[in-house]
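Visitor: Protein chains in written order, with our numbering: chain A, 528 to 997; chain B, 684 to 930.
Derived list of chain B stretches under chain A, where covered just means 3 residues or more per stretch with a C-beta under 8 Å from a C-beta of chain A:
hint : stretch
1    : 728-734
2    : 765-777
3    : 849-857
SDA-like cross-link-like pairs, simulated, lysine to any residue; straight-line CA separation at most 20 Å:
hint : chain 1 : residue 1 : chain 2 : residue 2
4    : A       : Lys875    : A       : Leu658
5    : A       : Lys875    : A       : Val560
6    : A       : Lys875    : B       : His727
7    : A       : Lys875    : B       : Pro763
8    : A       : Lys875    : A       : Glu567
9    : A       : Lys875    : A       : Ala921
10   : A       : Lys875    : A       : Thr914
11   : A       : Lys875    : A       : Asp908
12   : A       : Lys875    : B       : Arg762
13   : A       : Lys875    : A       : Ala555
14   : A       : Lys875    : A       : Asp910
15   : A       : Lys875    : B       : Arg731
Reference excerpt, derived from the structure (chain A facing chain B, CB under 10 Å, subset only):
hint : residue
16   : Gly702
17   : Thr902
18   : Arg978
The hints are simulated quantities; they were obtained by calculation from the structure and are not laboratory data. Fair warning: this is a prediction, and the values are worked out from it, not measured in the lab. Glycine residues also receive a C-beta, built at the ideal position from the N, C-alpha and C atoms.
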Amino acid sequence: MTVRRTTLGGRTYEFAALSDLLAKATPARSGDVLAGCAAESQAERVAAQTVLADLPLTVFLDEHVVAPEDDDVTRLILDTHDPVAFAPVAGLTVGALREWLLARAAERDEAAISGLARGLTPEMVAATSKLMRNADLIAVARRTRVVTGLRGTLGLPGRLASRLQPNSPTDDPVGVTASILDGLLHGCGDAVIGINPATDSPAQTRALLDLVDAIISRYEIPTQSCVLAHVTTTLRVLEAGAPVDLVFQSVAGTQAGNRGFGVTLDQLAEARAGALALGRGTVGSNVTYFETGQGSALSADAHHGVGGRPVDQQTLECRAYGVARAYDPLLVNTVVGFIGPEYLYDGKQVVRAGLEDHFCGKLLGLPMGVDVCYTNHTDVDGDDTDTLTLLLGAAGCAFVIAVPGSDDVMLHYQSLSFHDVLTARQVLDLRPAPEFEAWLARMDLLGDDGRVRELTPDAPAARALLAAAR
Amino acid sequence: MTGPTTVADDPWQVLRGATRARVALGRAGDGLPTARELEFRAAHAAARDAVHTPLDPDLVRAQLDGLELLEVHSAAPERPTYLQRPDLGRRLAPGSCLPPGPHDLALVVADGLSPRAVHEHAAGTVRAVLERLPGWTVAPLVLAHQARVALGDEVGAALGARAVVVLIGERPGLSSADSLGLYLTWDPRPGRADSERNCVSNVRPPHGQGYAQAADTLVALLGAARELGASGVVLKDEGRALPPGAG
Numbered sequence: 528m529t530v531r532r533t534t535l536g537g538r539t540y541e542f543a544a545l546s547d548l549l550a551k552a553t554p555a556r557s558g559d560v561l562a563g564c565a566a567e568s569q570a571e572r573v574a575a576q577t578v579l580a581d582l583p584l585t586v587f588l589d590e591h592v593v594a595p596e597d598d599d600v601t602r603l604i605l606d607t608h609d610p611v612a613f614a615p616v617a618g619l620t621v622g623a624l625r626e627w628l629l630a631r632a633a634e635r636d637e638a639a640i641s642g643l644a645r646g647l648t649p650e651m652v653a654a655t656s657k658l659m660r661n662a663d664l665i666a667v668a669r670r671t672r673v674v675t676g677l678r679g680t681l682g683l684p685g686r687l688a689s690r691l692q693p694n695s696p697t698d699d700p701v702g703v704t705a706s707i708l709d710g711l712l713h714g715c716g717d718a719v720i721g722i723n724p725a726t727d728s729p730a731q732t733r734a735l736l737d738l739v740d741a742i743i744s745r746y747e748i749p750t751q752s753c754v755l756a757h758v759t760t761t762l763r764v765l766e767a768g769a770p771v772d773l774v775f776q777s778v779a780g781t782q783a784g785n786r787g788f789g790v791t792l793d794q795l796a797e798a799r800a801g802a803l804a805l806g807r808g809t810v811g812s813n814v815t816y817f818e819t820g821q822g823s824a825l826s827a828d829a830h831h832g833v834g835g836r837p838v839d840q841q842t843l844e845c846r847a848y849g850v851a852r853a854y855d856p857l858l859v860n861t862v863v864g865f866i867g868p869e870y871l872y873d874g875k876q877v878v879r880a881g882l883e884d885h886f887c888g889k890l891l892g893l894p895m896g897v898d899v900c901y902t903n904h905t906d907v908d909g910d911d912t913d914t915l916t917l918l919l920g921a922a923g924c925a926f927v928i929a930v931p932g933s934d935d936v937m938l939h940y941q942s943l944s945f946h947d948v949l950t951a952r953q954v955l956d957l958r959p960a961p962e963f964e965a966w967l968a969r970m971d972l973l974g975d976d977g978r979v980r981e982l983t984p985d986a987p988a989a990r991a992l993l994a995a996a997r
Numbered sequence: 684m685t686g687p688t689t690v691a692d693d694p695w696q697v698l699r700g701a702t703r704a705r706v707a708l709g710r711a712g713d714g715l716p717t718a719r720e721l722e723f724r725a726a727h728a729a730a731r732d733a734v735h736t737p738l739d740p741d742l743v744r745a746q747l748d749g750l751e752l753l754e755v756h757s758a759a760p761e762r763p764t765y766l767q768r769p770d771l772g773r774r775l776a777p778g779s780c781l782p783p784g785p786h787d788l789a790l791v792v793a794d795g796l797s798p799r800a801v802h803e804h805a806a807g808t809v810r811a812v813l814e815r816l817p818g819w820t821v822a823p824l825v826l827a828h829q830a831r832v833a834l835g836d837e838v839g840a841a842l843g844a845r846a847v848v849v850l851i852g853e854r855p856g857l858s859s860a861d862s863l864g865l866y867l868t869w870d871p872r873p874g875r876a877d878s879e880r881n882c883v884s885n886v887r888p889p890h891g892q893g894y895a896q897a898a899d900t901l902v903a904l905l906g907a908a909r910e911l912g913a914s915g916v917v918l919k920d921e922g923r924a925l926p927p928g929a930g
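Assemble the whole structure, with the sequences as input and the hints as a guide.
Guide: Written as structure tokens, this is what we have:
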């Protein structure tokens with residue numbers, strides 16, 4: 528274990544391990560304090576960043592934060608590292624990679640940035656993000672291109688898609704349908720119509736899949752459905768003939784964290800193969816969907832690495848992206864304010880984490896979305912979510928989550944509203960996914976200016992869609 | 684507030700009757716109509732205030748008139764620390780002292796994430812529970828400040844109680860800022876896992892569970908836990924195996 532040190536302001540700071548250096552270089556957040564790995568002063572944080580900036584990227588291929596012999600996520604990361612993709616930056620330090628990325632972004636060289644994905648490890652990307660300000664994270668992410676598709680195309684420039692999340696506390700089909708129609712009438716649902724089931728039973732999952740599939744078929748909507756049940760539940764109903772577009776799973780950045788979610792890497796591969804075999808895509812063949820979030824490993828006491836040392840939550844989050852990208856996902860989103868103030872305390876921390884997660888996921892090659900959200904015991908409100916949403920729109924975020932009126936009546940937290948999606952698109956001149964936009968036009972839901980129109984009671988479009996609610 | 688740019692007639696009335704979700708809100712441009720925006724803010728404000736309202740021991744004492752009440756504090760000295768350090772909310776403040784039993788049961792009334800839930804529903808729930816436990820010896824009631832559920836393990840152990848029930852303010856939702864949860868742990872001692880507890884949640888009449896209904900469920904769980912000498916997942920499974928009414 529290499530001890531690294533630097534002197535700043537006449538004081539010498541020592542970092543006993545790579546995980547220690549990464550943790551202390553991380554912008555302040557409550558979860559790292561809770562885990563006992565945060566910098567103890569602002570000066571120590573900058574000292575760590577100073578040491579980190581001079582670290583060669585190749586160090587991350589030889590020195591690990593979580594030991595490969597203990598952890599299949601580390602092994603996956605090392606096994607899938609592509610030296611050819613890495614070559615353009617292989618001689619750089621962490622600080623020099625930051626500058627390289629900013630230079631390519633300024634030149635709008637999307638190919639150079641996007642081509643790095645398989646050559647970078649999650650730890651390299653996490654380290655780089657720790658040296659970047661919010662605007663750096665936005666500038667580079669905006670010039671990183673990740674395009675995926677199944678029945679709609681996601682990640683194209685100038686587009687902002689949304690997951691329509693029509694959750695119901697009782698999985699009531701009428702309630703779910705009402706929320707779906709409300710979302711469609713607001714131009715939402717192009718990323719996916721994705722339901723968190725209230726109960727994780729195969730029967731309930733099947734019923735919800737059939738419900739959404741019927742709506743998609745009836746109106747010929749170029750989007751995909753997902754019921755966010757456990758991957759084993761989805762695999763079971765898939766084998767029984769259910770219309771599964773996407774297999775979903777929450778994933779974490781350690782093997783122990785994934786064990787906490789009750790999932791193995793083999794199960795993810797099996798589920799992906801199952802959905803792929805159904806051949807339900809029309810414009811692409813990305814059939815997986817993953818959710819992540821800073822703090823998920825810590826909340827499962829699965830955040831320890833080499834020598835039993837705690838690993839900071841943002842580095843672990845990036846390692847979760849290392850898991851996700853092995854399964855060619857259509858969608859990945861961080862759920863950035865969900866777990867609570869013990870991980871991200873306030874609006875400042877949530878905004879920072881949302882931009883970090885988006886940047887890191889995208890640079891690693893993921894079709895990155897964000898659930899911009901908060902709970903009532905966190906010091907976050909609609910002003911903070913507006914800030915993050917508009918910054919994400921500027922950063923080229925693939926999709927956000929939207930629920931009726933920001934109020935998820937099943938999960939009891941606040942995400943974005945359908946209105947927030949419309950506002951972000953209008954302010955930043957962003958459009959829905961192209962296939963979905965064409966569908967909105969066919970349904971007469973778009974005005975002459977291309978915006979989703981506000982309907983009147985007698986509008987044929989409203990009548991046509993509302994027929995499904997009756 | 685109405686005007687030419689807001690929705691005069693509601694095209695989506697049919698959706699509203701179908702769900703509690705905030706559908707068919709109308710639009711002001713791409714944003715919300717002012718009235719809908721203010722409704723949302725009012726719900727969020729109620730939930731935020733429920734989290735940050737300080738626990739009022741005098742109020743709880745008055746509501747529980749005649750019952751002996753001990754007060755304890757967790758190791759989290761104030762609200763911001765409590766919110767960021769759940770580990771501190773699970774431990775008693777240094778120097779805390781409670782009289783040892785033995786008792787069959789300890790009841791801990793804890794502020795949790797909604798002191799408002801305690802103010803509104805703790806006394807009613809405590810009374811309903813106590814009147815259903817004639818044969819049990821019950822320790823003096825404990826009122827706990829800045830407390831998490833697991834604080835009950837240390838309190839129950841210190842009181843020498845065979846079981847502890849923590850009545851705690853649950854994380855407020857937009858439409859439920861005053862929900863009380865009841866957590867039963869048999870043989871309480873520090874280090875108990877959440878899987879070793881049973882929970883009766885959403886006590887908040889008239890919208891959620893009533894006191895009598897919640898107390899019936901809790902007392903049934905207590906009886907089953909005493910028979911089994913354990914609580915948690917094992918009790919839940921056992922409970923399912925029992926014939927109807929046997930709990």
